[in-house]
Amino acid sequence: MGWPLAVSAGLMEKRPGALFAALWPLSAGHLAGTFLVLLPFALLLALAEWQRPIQVAASLLVIGFGVFRLLNRRHPRALARIRPSQLSLWSFAIAIAHGAGLMLVPIYLGLCQTLDMDAGHQAAGALIGANLGMAVLVAIVHVAAMVAAGGFLAWLVYRYLGLKLVARSWFNLDASWAVSLILVGAVALAFNLVSWH
Amino acid sequence: MTMRPDPTFHASPKLAMEAPPENFAYTLLLSPDFSKPDALAVIDAKPGSPTFSQIVHTVTMPNKGDEFHHFGWNACSSALSPLSGHAFLERRYLIIPGLRSSRIYIIDTKPDPTQARIHKIIEPEEVFKKTGYSRPHTIHCGPEGIYVSTLGGAGKDGTDGPPGIFIMDCETFEILGRWEIDRGPQKLHYDFWWNLPRDYMVSSEWGLPPQFENGIVPEDLLSNKYGHCLHFWDLRERRHVQTIDLGANHQMALEVRPAHDPIREHGFCGVVVDTTNLEGSIWTWWRENGKFHAEKTAVIPAEPAPKEQLPPLLQGFGAVPPLVTDIDLSMDDRFLYVACWGTGEMRQYDVTDPRKPKLAGSVHIGGIARRTPHSNGKAFAGGPQMVEISRDGKRVYWTNSLYSSWDNQFYPGGVPGAEVMANVGSNGGLELDKDYCVSFPEGYRAHQIRLEGGDCSTDSFCYPSVRI
Numbered sequence: 105m106g107w108p109l110a111v112s113a114g115l116m117e118k119r120p121g122a123l124f125a126a127l128w129p130l131s132a133g134h135l136a137g138t139f140l141v142l143l144p145f146a147l148l149l150a151l152a153e154w155q156r157p158i159q160v161a162a163s164l165l166v167i168g169f170g171v172f173r174l175l176n177r178r179h180p181r182a183l184a185r186i187r188p189s190q191l192s193l194w195s196f197a198i199a200i201a202h203g204a205g206l207m208l209v210p211i212y213l214g215l216c217q218t219l220d221m222d223a224g225h226q227a228a229g230a231l232i233g234a235n236l237g238m239a240v241l242v243a244i245v246h247v248a249a250m251v252a253a254g255g256f257l258a259w260l261v262y263r264y265l266g267l268k269l270v271a272r273s274w275f276n277l278d279a280s281w282a283v284s285l286i287l288v289g290a291v292a293l294a295f296n297l298v299s300w301h
Numbered sequence: 003m004t005m006r007p008d009p010t011f012h013a014s015p016k017l018a019m020e021a022p023p024e025n026f027a028y029t030l031l032l033s034p035d036f037s038k039p040d041a042l043a044v045i046d047a048k049p050g051s052p053t054f055s056q057i058v059h060t061v062t063m064p065n066k067g068d069e070f071h072h073f074g075w076n077a078c079s080s081a082l083s084p085l086s087g088h089a090f091l092e093r094r095y096l097i098i099p100g101l102r103s104s105r106i107y108i109i110d111t112k113p114d115p116t117q118a119r120i121h122k123i124i125e126p127e128e129v130f131k132k133t134g135y136s137r138p139h140t141i142h143c144g145p146e147g148i149y150v151s152t153l154g155g156a157g158k159d160g161t162d163g164p165p166g167i168f169i170m171d172c173e174t175f176e177i178l179g180r181w182e183i184d185r186g187p188q189k190l191h192y193d194f195w196w197n198l199p200r201d202y203m204v205s206s207e208w209g210l211p212p213q214f215e216n217g218i219v220p221e222d223l224l225s226n227k228y229g230h231c232l233h234f235w236d237l238r239e240r241r242h243v244q245t246i247d248l249g250a251n252h253q254m255a256l257e258v259r260p261a262h263d264p265i266r267e268h269g270f271c272g273v274v275v276d277t278t279n280l281e282g283s284i285w286t287w288w289r290e291n292g293k294f295h296a297e298k299t300a301v302i303p304a305e306p307a308p309k310e311q312l313p314p315l316l317q318g319f320g321a322v323p324p325l326v327t328d329i330d331l332s333m334d335d336r337f338l339y340v341a342c343w344g345t346g347e348m349r350q351y352d353v354t355d356p357r358k359p360k361l362a363g364s365v366h367i368g369g370i371a372r373r374t375p376h377s378n379g380k381a382f383a384g385g386p387q388m389v390e391i392s393r394d395g396k397r398v399y400w401t402n403s404l405y406s407s408w409d410n411q412f413y414p415g416g417v418p419g420a421e422v423m424a425n426v427g428s429n430g431g432l433e434l435d436k437d438y439c440v441s442f443p444e445g446y447r448a449h450q451i452r453l454e455g456g457d458c459s460t461d462s463f464c465y466p467s468v469r470i
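Sequence order for the protein chains is H and R.
For the first sequence, the numbering used here begins at 105 and goes up steadily by one.
For the second sequence, the numbering used here begins at 3 and goes up steadily by one.
Calculated directly from the structure, the hints in this document are not laboratory data.
Beta carbons: idealized from backbone N, C-alpha and C, even for Gly.
Careful: at least some of the hints might be erroneous.
Under 7 Å between C-beta atoms, here's a sample of chain H residues computed to sit facing chain R [as the list claims (entries may be wrong)]:
#	residue
1	109
2	115
3	249
4	274
5	276
Simulated crosslink set (EDC-like; lysine to aspartate or glutamate; CA at most 20 Å straight-line) [as the list claims (entries may be wrong)]:
#	chain 1	residue 1	chain 2	residue 2
6	H	268	R	394
7	R	380	R	437
8	R	158	R	215
9	H	118	R	290
10	R	38	R	20
11	R	358	R	297
12	H	118	R	297
13	R	132	R	201
14	H	268	R	334
15	H	118	R	92
16	H	118	R	182
17	H	268	R	437
18	H	268	R	20
19	H	268	R	92
20	R	189	R	162
21	H	118	R	201
Here's a subset of chain H near chain R, in silico, CB distances under 10 Å, partners left out [claimed, not checked]:
#	residue
22	108
23	110
24	113
25	116
26	121
27	153
28	272
29	291
30	294
31	297
32	298
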């Protein structure tokens, strides 16, 4: 996400270093965006006995956001107010608006489930610490993967493939992204309900 | 909503130049005495076509007295902005404001330009109510949707508050409201454009509605009461940041043409007339260390003429002012075309060095005193006015009318609609195309031209043309 911004930075400043420099604020913004979404769930999970309802609610939230994204596919004018120089803010806003952080919630909750099998025997503080650690880990792994892929693509376009690819490679994935949010939510919900009963 | 970005969207000006050439030219037709409804003409511009240079379709509006002037697309290459994250718009709808009525027509040009039809009409009351502005003029497609500059404020005369810019949704065409959050000292308006990645806008000044609707007001002109300032804005913050006064004698700073390549931080502006000597002038503006600067970089002198060849308005001066009413910059930022509507000349300047324009080509046609016919022998009333350049820079199109009531003052003999085209030599130079000479229906004048797939005053780009 945001790789065309890295290409643009490299071209506008006429040096490849600017391309890689742009990846930092893009990563930082995205990391903050995903972490902000995971954080409340990390804290909520301390309420171990409510774990199931929380997971079900989280799944429904992801499904609901997917449905919203599917129905409301208007041109995102709010992003147009962000300056070209505010790469971190842009990346943060788009991670939240797009539901990138939300997408990670069911995965994250699934990971926590295995982590605290004996949750009932642990102090709430330790549990929160472990959950926060896991939230950070999930967010970092996610952002590292995104920046590696996006950065590689940006470099290919900048150095070898040319700007034509910016327009040619751009597919409207709004619908498929919305559908995958719904799917992830549905799968997580199904797992929860099956293991619950 | 499309699956891929519109094929007429281009990341850089260079890619836009390499794209297939235009097959159609859209031209606005206006009825100067308001006896007929204004219209949009679709002209065949494909060389070799049996209907080349003919009107192949007309969209006639249901109202009279709109006075069409400028128009633009709902979406352009600016949709490829890496910040929007959403390039899935279509260059499909033409937004045509009525300058006199404040009514706005949305024309659908799909599935084919020859089937263009009215998609939506926004009534003047909605413009007034939602914006407090009137007399919509220039259209640009950009980050927040469609931007529309206006020449009038609220009230019947449009003098109740300053004119400005408003925003429309680029999909529903709903008017969203005023663009400016802090307008600073800006009180007049005409044209505007921007540099998207550098995040600034430039706007210019003509005059308030009472100064143009019933014709040019000579007293106001001679007392330097028309606009003469350039305004610079923070685009995303919607805030005025700087004014450059070109000097009160430089009356009517009209068209603003920033370099297309966003890596270049300069642009041009044409000034209609210098009231001290009737010269027209070209100004270059640029940004350096965050500050904007402007200087006069080319002048076009007035041409003496005997009194009997002049309209009453000019008889006292014994000369024809060039009247620089439109300028346009080629996609490669190399040639600036300057319409001298008074003297009847289209000038081509090489602006490779933006602060030292060099005259590279010229075509004489029409003119108040010269009245030069087309090189194919046909008469040409009025002078070169609205000019549009093909994306590849090889063809330059223009029409001959300025504004209904002003036409009558400068060309009392009448300005029957005409549209011609000139071919550009590979190293500059300009020659009229003998075959492209559009005849319009009786009683209509022709104003702005828009070329299919984008032209040199429509698209703004988010990536530079440079190759690594």
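Hints and how they fare:
| no. | hint | verdict |
| --- | --- | --- |
| 1 | 109 | holds (4 Å) |
| 2 | 115 | holds (5 Å) |
| 3 | 249 | violated (19 Å) |
| 4 | 274 | holds (5 Å) |
| 5 | 276 | holds (4 Å) |
| 6 | H:268 / R:394 | holds (17 Å) |
| 7 | R:380 / R:437 | holds (11 Å) |
| 8 | R:158 / R:215 | holds (12 Å) |
| 9 | H:118 / R:290 | holds (18 Å) |
| 10 | R:38 / R:20 | violated (40 Å) |
| 11 | R:358 / R:297 | holds (11 Å) |
| 12 | H:118 / R:297 | violated (28 Å) |
| 13 | R:132 / R:201 | violated (26 Å) |
| 14 | H:268 / R:334 | holds (17 Å) |
| 15 | H:118 / R:92 | violated (31 Å) |
| 16 | H:118 / R:182 | violated (33 Å) |
| 17 | H:268 / R:437 | violated (35 Å) |
| 18 | H:268 / R:20 | holds (11 Å) |
| 19 | H:268 / R:92 | holds (18 Å) |
| 20 | R:189 / R:162 | holds (11 Å) |
| 21 | H:118 / R:201 | holds (18 Å) |
| 22 | 108 | holds (4 Å) |
| 23 | 110 | holds (8 Å) |
| 24 | 113 | holds (9 Å) |
| 25 | 116 | holds (6 Å) |
| 26 | 121 | violated (13 Å) |
| 27 | 153 | violated (41 Å) |
| 28 | 272 | holds (8 Å) |
| 29 | 291 | violated (26 Å) |
| 30 | 294 | violated (30 Å) |
| 31 | 297 | violated (35 Å) |
| 32 | 298 | violated (36 Å) |
The structure does not agree with the numbered hints 3, 10, 12, 13, 15, 16, 17, 26, 27, 29, 30, 31, 32 stated previously, though it agrees with the rest.
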